[in-house]
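Below, each chain spelled out in residue letters.
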Amino acid sequence: MLQRTYSLIALIAIWAVVAALLQSRLLPGPLTIGAAILTDTRTGELPFQMACTLGRVAASFVIAMILGTIAGYAMGRSKTFDRYADPWLVVLLNMPALVIILFAYIWIGLDETAAILAVAVNKLPNVVVVMREGARALDPELDEMAKAYQFARFSRIRNLVLPQLAPYLAASSRSGLSIVWKIVLVVELIGRPNGVGFVLGSAFSLFDMAKILSYAICFIVLMLVIESLVVQPLERRANRWRRRPA
Amino acid sequence: MLQRTYSLIALIAIWAVVAALLQSRLLPGPLTIGAAILTDTRTGELPFQMACTLGRVAASFVIAMILGTIAGYAMGRSKTFDRYADPWLVVLLNMPALVIILFAYIWIGLDETAAILAVAVNKLPNVVVVMREGARALDPELDEMAKAYQFARFSRIRNLVLPQLAPYLAASSRSGLSIVWKIVLVVELIGRPNGVGFVLGSAFSLFDMAKILSYAICFIVLMLVIESLVVQPLERRANRWRRRPA
Amino acid sequence: EALRISAQSTGTFAWQLDVIRRHGLAEEAGLDLKISESASPDAGKLALNSGSVDLAVVDWLWVARARALGAKWLFYPYSSAAGAVMVKGDSPVREIKDLKDRVLGIAGGPLDKSWLIVQAAAIRQGIDLKRAAKLEYGAPPLISQKLQQGETEASLNFWNFCASLETRGYRRILDVRDAEAALGLHQPLALIGYVFSEQFAANHKSTIDRFIAAAQKANDIMLRSDTEWEALRPLMNAEDDRTFKAYRDRTREGIPQRPVAAEEEDARTLFRALANIGGAPLVGPSQELDQALYYKPTPAAETEHCCRELIR
Amino acid sequence: MWCNRLNDAQTAGDAAPLELRIAAKSFLSADGARVDVVRDLQLRLEAGSFGALIGPSGCGKTTILKIAAGLDPDFRGQLRTPGSGRLGIVFQEPRLLPWRTVEDNVRLALPADHANVELGDLFEILGLGSHLTRYPAELSLGLARRTAIARAFAVGPDFLLLDEPFVSLDEAIANRLREELLALTARAKVTTLLVTHDLTEAVEMADRLFFLSDRPTHIILEKALPPPRGGRSSDVVASISDEMRALVAQAAIAHAKR
Amino acid sequence: MWCNRLNDAQTAGDAAPLELRIAAKSFLSADGARVDVVRDLQLRLEAGSFGALIGPSGCGKTTILKIAAGLDPDFRGQLRTPGSGRLGIVFQEPRLLPWRTVEDNVRLALPADHANVELGDLFEILGLGSHLTRYPAELSLGLARRTAIARAFAVGPDFLLLDEPFVSLDEAIANRLREELLALTARAKVTTLLVTHDLTEAVEMADRLFFLSDRPTHIILEKALPPPRGGRSSDVVASISDEMRALVAQAAIAHAKR
Ligand SMILES: Nc1ncnc2c1ncn2[C@@H]1O[C@H](COP(=O)(O)OP(=O)(O)OP(=O)(O)O)[C@@H](O)[C@H]1O
Ligand SMILES: Nc1ncnc2c1ncn2[C@@H]1O[C@H](COP(=O)(O)OP(=O)(O)OP(=O)(O)O)[C@@H](O)[C@H]1O
Ligand SMILES: [Mg+2]
Ligand SMILES: [Mg+2]
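Protein sequences appear in the order of chains A, B, C, D and E. Under this note's numbering, the first sequence has 78 at position 78, and the numbering climbs by one with no breaks. Under this note's numbering, the second sequence has 221 at position 221, and the numbering climbs by one with no breaks. Under this note's numbering, the third sequence has 158 at position 158, and the numbering climbs by one with no breaks. Under this note's numbering, the fourth sequence has 17 at position 17, and the numbering climbs by one with no breaks. Under this note's numbering, the fifth sequence has 119 at position 119, and the numbering climbs by one with no breaks.
Just chain A, with the same shape it has in the complex (with noise of 0.2 Å):
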């Protein structure tokens, strides 16, 4: 905890010192950028942009972790299945962003739906692939013995299945979050009315480089508590089991 704080400084105090020596309107420093957080949230414009972008960042990062990791534990156990699915897997993996935002702004509207569906489309290949590889993975001798004693299907999925993807759930919903947020501020910037992105719009227009960073950096900071807080005591207590390097 004390290094991470260490470290969080050490970032600030660079950024601050190249500011500093810039002089530039196109890099504010800390100070200019913390003031500008600062008047945004007391108008509440700030906490009210940063919702509407959280509550589709949690809804599409929700639906395309839990139907990837379905496809891609399917697809990592069956070769049948991901040889007909891996073509389909392909096509979505590579296609633009931009292609699949627009079709789904498109034939479904204009709206919330579209937005959240379109990111965790675009979302979905990506945690397909990481969890074939973890499907591939599983140790077929934990198998036989999970077969042999008859483990009921949930037990089986909890005891053996989840705590061997764990590494995979783990790198996938890390950098996931982080891409579906950058997916998020796209999918506003394009077509929603409010949100990160539309105010990154908009900010870039006018080259407003102190409104694009603070917003960027409130949701860097919400990222950085989640994982101080959440994320990484989680994976402490996942990993407790890992025999310590001697």
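Worth flagging that the hints you see were computed from the coordinates, not collected in a lab. Using N, Cα and C, we set each Cβ at its ideal position, and we do this for glycine too. No false leads were mixed into what you were given.
Calculated cross-link-like contacts (lysine-lysine; reagent style DSS-like; alpha-carbon spacing at most 27 Å):
(1) C:Lys-100 with C:Lys-88
(2) C:Lys-130 with C:Lys-97
(3) E:Lys-223 with E:Lys-189
(4) E:Lys-66 with B:Lys-79
(5) C:Lys-217 with C:Lys-34
(6) D:Lys-66 with A:Lys-147
(7) E:Lys-189 with B:Lys-147
(8) A:Lys-79 with A:Lys-147
(9) A:Lys-79 with D:Lys-66
(10) D:Lys-189 with A:Lys-147
(11) C:Lys-34 with C:Lys-296
(12) C:Lys-217 with C:Lys-205
(13) C:Lys-245 with C:Lys-88
(14) C:Lys-130 with C:Lys-88
(15) E:Lys-66 with B:Lys-147
Partial pick of chain D residues on the chain E-facing surface, computed with a CB cut under 7 Å:
(16) Thr-133
(17) Glu-138
(18) Leu-141
Add chains B, C, D and E with the ligands to chain A, keeping to what the hints say.
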């Protein structure tokens, strides 16, 4: 191979049927797209733009994978390093792509270096996150064995570390390639005078779905070919040692 | 009666809508405007296509092209404000032909309408800018930034960026409006306008007409009253007074003042010129402007328009 | 008490014998070569009796055990398993879930209707009492093996498959576990198949010995031992073992000549 | 030929003994509890001699072996290893690289200057000849163990640590491997420490026996056996074993009373 072909044919058939039913300019059918691809190939436009984009994709992908794997491995192995580097990672991970692209274009210049670096920096933290999980899951028992038998550093990496990281590498390079491609599109859209993203930018503002889809599909086909002829055979070889599930 | 409208939050349309709102012009016309804001200029097209809104402000060219491909949109002039090619105040570049071998930044892409108009005008002067100058394409804010950083020596950008650059001592070497004149247009053409579907117009003709009338009232207010602009100022994101004034004056300048028929004639001329230079990727299969592109309000509205013209 | 459950199981078990016929079993190795492991093997074990499987290293004992457990349906032949399907199995390696404690590893294997059964006595007998909250990576191999044995015993099996369960344990504990196993199989009607390399152990505990040939394996010698099992004196065990050794050597020579 | 190398190793080895003093060794378990494993253990083994470590399951034998191998520096005490640092070790489980064939697993452990040494004879003796291209998942446990033994022998060690190397093997192969081990240690000056639960095996092969107490472990009885090792008749072995059992029982009682 056969199953993959059937599945692709099914995909195209569904697309053709839906397009025929909707009869909309906004969802051209496979034939329209095929014709568009042929035309643009004859004029040399498509191969040229595709080559520009592929060059950028390849360069940023290689940079991101190499640096990301090294950093992720180091963070997964050393708790101390992880504690110091993790906050920086979270910051980079959640920095909106737009911000990184803007900074690169502003401070490096509206040129190729900036474009490639911007993409690599965008992708880098995702690689780090996945590889870190991989490094954390390394088997300490095999490590002890290698230590006892004094494996040379290179042999340790080649015979001990890489095979264990293989599924993580597979996951992060597969989903990584697609992410790099998507970011390259955005980077080209914002500030390059050529490449698929540049074409999509104009096509998007004209709502030229045929153009958008024909370029996207060319890239997807390329990925399908690489997947079938390079990645999957390689993967089968690398996974030969796995016990086939009974 | 409800009318769903999409507006870019940083655009001038948002200002006009604000005037309508503050003066109760919509209620007066019996309209209930449902406005959805967006951050991107493309959201309007998306919203129209997905049926989420009834009316948006969109590019003239986009509508022309879509019509050529079979999508029945109608267009009614909204603004003729346009950008310009600009250079630093102390730049040796004076005219288009000085751009030879210099770096020219272009906002949007190769199919951007202003860029095509400038190209066409340059060609009449015997200069093929595409070959003569070194081109950099990029997003408008970035192109504006690059001119200020000196990475490009000249840039063609949207009118609002030009207005703001002008206040910082940058110089126009070719206005897109002048380029239009060089192409034989009588007056600058409104390149953006209100767009709605033929079907909607058929079913809700009076709604559209009433909206156009209300918009014209708002235009009148914006043309006449300076205090009105003070009220609009918070929306305008102008750094300083000069920028604010530049925005105001350019917006006023862009308000169309002539009957639709006159617009239509110039539009036909411009379309032909653009078809020549941009080819099929730009204008679609047709080389001639679709006759039915322009929406014709019922005579009452039109008359009012002309009368106002006369009064001025 | 966990013993109670075993008594329940007794009444539940039916009297079917274990019948296993493997006409052929082969693996496809990674380089594409076919490895023939079992050929023409016939094995029958009466309900409630105790068989021992003895054969050279790598001949196919584990393969046979897995087939008997129903874990590997990919063979030519027939399988009929005894009991009501409550199987206890000790694999050749512990196969514990690394992310679950010793106690959880045992409890997770329990059938739903016995999830909360009292296991204290069993853990005490196996010397696991002080390690219940440890994770497998914190156990010595011997402790891990004992956990695996506890798991097999705790489910109250009526069919028990043991793949060298008592190696890597010190003599005292191994003997205690052997007694425990004898007691368990005596209390309940458990059909048991034990793989071992230790002839003495086999003779001490089994009703019936099966000697296997080299790969592709089949039974070269089958020997029913006179009752009572478990109660044989060490002299008797030694003499039977010697006799067996001689017979097996003969049979192996005959087999090699074939 | 792999034997040649061993002869080279002999000339290279110096004459330092194995000296190990562990004042205390403990683990921190996942629930935060400290597990004291070794306390006040002193072990000295002359260069080229063969020691056997015998103790109850879970007492700390593997822990001691890992410390002796230099794999676990986290203990209070001192370690001095014999030889030139060419260590051969057989872990309690095979610990093979699953993605490398049997032959590669052995070759990868070879020091660089012996990378291309001929290993055919060693593989034949261990009965691995026909499995060289197999991956570990395709081996029976016995075959995997033999691969691990081959690896330890192939490096031409002058310091050998063996953690129950001969379990899970049939008697014939186990005996062949024991002979091979004796021959190897006789040919070259190899300092060897063997962990085993099999007293007979220990008495047959070792120069010196170390009996360990329960956890936290230390040596309760140390016994030098009269030479020649390997050549002892089975009667001698049996009588020494019986004597040892009695002594250990006494020492254990004394230890418990302390
Ligand atoms: N998946 C597999 N692919 C190829 N060969 C296999 C596979 N599994 C086992 N074998 C081979 O089948 C033979 C029998 O294996 P099995 O594990 O049944 O032997 P075992 O009798 O249990 O030996 P041990 O006493 O060493 O445990 C071995 O030679 C082994 O190499
Ligand atoms: N990482 C660890 N964390 C906590 N306790 C551990 C750890 N490693 C070993 N132990 C404990 O230390 C003790 C000694 O373990 P060790 O593996 O040395 O036993 P052993 O004598 O080799 O036993 P066996 O004969 O079963 O192989 C055991 O009680 C074990 O539970
Ligand atoms: Mg076996
Ligand atoms: Mg041990």
